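Novice: In order, the protein sequence lines correspond to chains A and B.
Yeah, the first sequence ends on 102 if you go by our numbering, and it's all consecutive.
Yeah, the second sequence ends on 482 if you go by our numbering, and it's all consecutive.
Do not take every clue at face value.
Using 30 Å as the maximum straight-line C-alpha spacing, the simulated DSS-like pairs for lysine-lysine come out as follows [as the list claims (entries may be wrong)]:
hint : chain 1 : residue 1 : chain 2 : residue 2
1    : B       : Lys295    : B       : Lys442
2    : B       : Lys295    : A       : Lys34
3    : A       : Lys20     : B       : Lys52
4    : A       : Lys42     : B       : Lys105
5    : B       : Lys367    : A       : Lys34
6    : B       : Lys295    : B       : Lys386
7    : A       : Lys4      : B       : Lys386
8    : B       : Lys442    : B       : Lys35
9    : A       : Lys66     : B       : Lys386
10   : B       : Lys52     : A       : Lys76
11   : A       : Lys34     : A       : Lys20
12   : B       : Lys35     : A       : Lys66
Here are some of the chain A residues that sit facing chain B, going by a computed Cβ distance under 8 Å [stated by the list, open to error]:
hint : residue
13   : Val13
14   : Ala14
15   : Ala17
16   : Ile53
17   : Ala56
18   : Met72
Keep in mind the hints are simulated off the structure, nothing from the lab.
None of these values were measured; they are calculated from a predicted model.
Just so you know, even glycine gets a beta-carbon here, dropped at the ideal spot from N, CA and C.
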Amino acid sequence: MKEKLSREEVLHVANLARIKLTEGEIEKYQVELKKLLTDVEKINEVEGYDEDILIACWDEFARLRKDEVGNMLDPKQVVENAPHHAGNYIEVPVVIGESEGA
Amino acid sequence: MKYLNKGIEEIHELLKSKIIKPIDLVEEAFENIEKNQELNAYITLNKEEALKTAKELEDKEVDNLLFGLPIALKDNIVTKDLKTTCASHILENFIPLYDATVVEKIKAKNMIIIGKTNMDEFAMGSSSRTSYFGAPKNPWDKNKICGGSSGGSAATIAARDVLFALGSDTGGSIRQPASYTGIVGMKPTYGRISRYGLVAFASSLDQMGPMTKNVYENAVLLNALVGKDEKDLTSANKEEEDFTRWIGQDIKGMKIAIPNFLMGDVVSSEVKGKIEEVISLLKEKGATVDYIDIKYLENAMTLYQIIAMGEASSNLARFDGIRYGFQAENVENIEDVYLETRGQGFGDEVKRRIMVGSYLLSGENAKVYYHKALSIRDDMKKEFQKAFQNYDLIIGPTSVTTAYDLSDPMDDPRKSFMDDVLVIPVNMAGLPGMNIPVGFDKNHMPIGMQIIGNYFEEAKMYQLGSFIEKELNLDLTPGGEK
Numbered sequence: 001m002k003e004k005l006s007r008e009e010v011l012h013v014a015n016l017a018r019i020k021l022t023e024g025e026i027e028k029y030q031v032e033l034k035k036l037l038t039d040v041e042k043i044n045e046v047e048g049y050d051e052d053i054l055i056a057c058w059d060e061f062a063r064l065r066k067d068e069v070g071n072m073l074d075p076k077q078v079v080e081n082a083p084h085h086a087g088n089y090i091e092v093p094v095v096i097g098e099s100e101g102a
Numbered sequence: 001m002k003y004l005n006k007g008i009e010e011i012h013e014l015l016k017s018k019i020i021k022p023i024d025l026v027e028e029a030f031e032n033i034e035k036n037q038e039l040n041a042y043i044t045l046n047k048e049e050a051l052k053t054a055k056e057l058e059d060k061e062v063d064n065l066l067f068g069l070p071i072a073l074k075d076n077i078v079t080k081d082l083k084t085t086c087a088s089h090i091l092e093n094f095i096p097l098y099d100a101t102v103v104e105k106i107k108a109k110n111m112i113i114i115g116k117t118n119m120d121e122f123a124m125g126s127s128s129r130t131s132y133f134g135a136p137k138n139p140w141d142k143n144k145i146c147g148g149s150s151g152g153s154a155a156t157i158a159a160r161d162v163l164f165a166l167g168s169d170t171g172g173s174i175r176q177p178a179s180y181t182g183i184v185g186m187k188p189t190y191g192r193i194s195r196y197g198l199v200a201f202a203s204s205l206d207q208m209g210p211m212t213k214n215v216y217e218n219a220v221l222l223n224a225l226v227g228k229d230e231k232d233l234t235s236a237n238k239e240e241e242d243f244t245r246w247i248g249q250d251i252k253g254m255k256i257a258i259p260n261f262l263m264g265d266v267v268s269s270e271v272k273g274k275i276e277e278v279i280s281l282l283k284e285k286g287a288t289v290d291y292i293d294i295k296y297l298e299n300a301m302t303l304y305q306i307i308a309m310g311e312a313s314s315n316l317a318r319f320d321g322i323r324y325g326f327q328a329e330n331v332e333n334i335e336d337v338y339l340e341t342r343g344q345g346f347g348d349e350v351k352r353r354i355m356v357g358s359y360l361l362s363g364e365n366a367k368v369y370y371h372k373a374l375s376i377r378d379d380m381k382k383e384f385q386k387a388f389q390n391y392d393l394i395i396g397p398t399s400v401t402t403a404y405d406l407s408d409p410m411d412d413p414r415k416s417f418m419d420d421v422l423v424i425p426v427n428m429a430g431l432p433g434m435n436i437p438v439g440f441d442k443n444h445m446p447i448g449m450q451i452i453g454n455y456f457e458e459a460k461m462y463q464l465g466s467f468i469e470k471e472l473n474l475d476l477t478p479g480g481e482k
């Protein structure tokens, strides 16, 4: 088994995770991510896979809330918590336009 | 005069009879924290507000045991108008707009929030060394780690700065630092305490819990934290109970199991020896202790890696630099805001886990890894249930060794998982687990024992924990009695 991921593999998972890596990090993670991914492969050695899954330990409490408007945060405060804002809006850089395909 | 090294009942009486005021306790807490500044236990202190609250309490009736007592909160529990960083650059200046449900409960008891404690970034780690603000130090030996991820909470309790702290435990993050610092740390049953306002790491595993210098005070604090919450639909609807009710009772006839896995070769002989001494004590006092096998425990770390990293990648997707927190500068379009903000804002451990988690949940992998892990986890829960048909409680060591050096290498990404190999199974099954100190190694570093209960049987755990605590009667103040 190879001891590290390829550069492309690291860039692929970084893209899935929406994380920009520096050159140094790419190299480091080629080795480190491989170790973790080797660990999780051990799940294949465990027998007993069936449809019964455990999400929360007590299903009896699983419930849904009524879809009602409750106490909300003050929209003004919420907007002001954003790094960039103007009036009632959160400011963001270009979404569509110049840098299409980014 | 020092008060914060006394028991809470004595302090309560002093407050009630107006011999002392809450502000005396708050001032003492800040003096302690100042004196122990080198421990780096806190990220943010709440001094001005705490003094103000203490003053306001002078006009109120001292109506409960927790009234006027200072408490420290792990910095992943959101506090209105008080910075909450998760020990991350990405939330370095984040000020929440609301209180977590536990914070509301603490305030309802008129406890006083003293500050926010240091931790591993987003609770990912086992030594608190992944904190953006530098690692906290162990009060027993400042060259050692205090464990993690709730390392700052553990350090401040061990140092006797304050009486109470909250931690969170996703894969041992309350119990393991408690074992390294010689304090009591309880991770209650999943669902006992509302997670609303706990910054999510792995939602199906996360649970907050009390960290204290002794068992009784731990149970008293837990009393105040539990309950169903409409804001967390996984919170359990259980009848109110007093977790202290069996403290002081005999353990004669109690049936205790010790899984062979928890006493395996990875556990140091010093730790194992101390646990064996406790086993002898329990037998002598009329309990039965049997070694048993619990299937799947050896797989718990793999399950944890898959479930915790998978859920983390999903939960941490919210940190995009748009709505709150840090945003990278000099970026031209929105995609780059995400990529650069997350690239610059998250530390190493967090990035690794999010990347692996994203891979584990992508496309068909979700079935191969995550879904299978949930299935084996269900099998593991059933195995625990079988054991609890025959036994009241399960015990074992909390950590494989005592606290190691702060300067130990951090280059193995598996290390933080391996440190927690004995505490992870409890989170997998959603069971309650508690650390109690049971002795010291040859360097006088604390050794901890884990008590595991069946669902919602925290009171029984406190019964056994307090019994052992009383029998051993250890001096758990670093540097001797203060």
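Novice: Indicate, hint by hint, whether the structure satisfies it.
Specialist: Hints versus structure:
no.: 1; hint: B:Lys295 x B:Lys442; result: 33 Å, violated
no.: 2; hint: B:Lys295 x A:Lys34; result: 28 Å, holds
no.: 3; hint: A:Lys20 x B:Lys52; result: 44 Å, violated
no.: 4; hint: A:Lys42 x B:Lys105; result: 42 Å, violated
no.: 5; hint: B:Lys367 x A:Lys34; result: 20 Å, holds
no.: 6; hint: B:Lys295 x B:Lys386; result: 10 Å, holds
no.: 7; hint: A:Lys4 x B:Lys386; result: 41 Å, violated
no.: 8; hint: B:Lys442 x B:Lys35; result: 27 Å, holds
no.: 9; hint: A:Lys66 x B:Lys386; result: 37 Å, violated
no.: 10; hint: B:Lys52 x A:Lys76; result: 27 Å, holds
no.: 11; hint: A:Lys34 x A:Lys20; result: 18 Å, holds
no.: 12; hint: B:Lys35 x A:Lys66; result: 50 Å, violated
no.: 13; hint: Val13; result: 4 Å, holds
no.: 14; hint: Ala14; result: 6 Å, holds
no.: 15; hint: Ala17; result: 4 Å, holds
no.: 16; hint: Ile53; result: 4 Å, holds
no.: 17; hint: Ala56; result: 5 Å, holds
no.: 18; hint: Met72; result: 10 Å, violated
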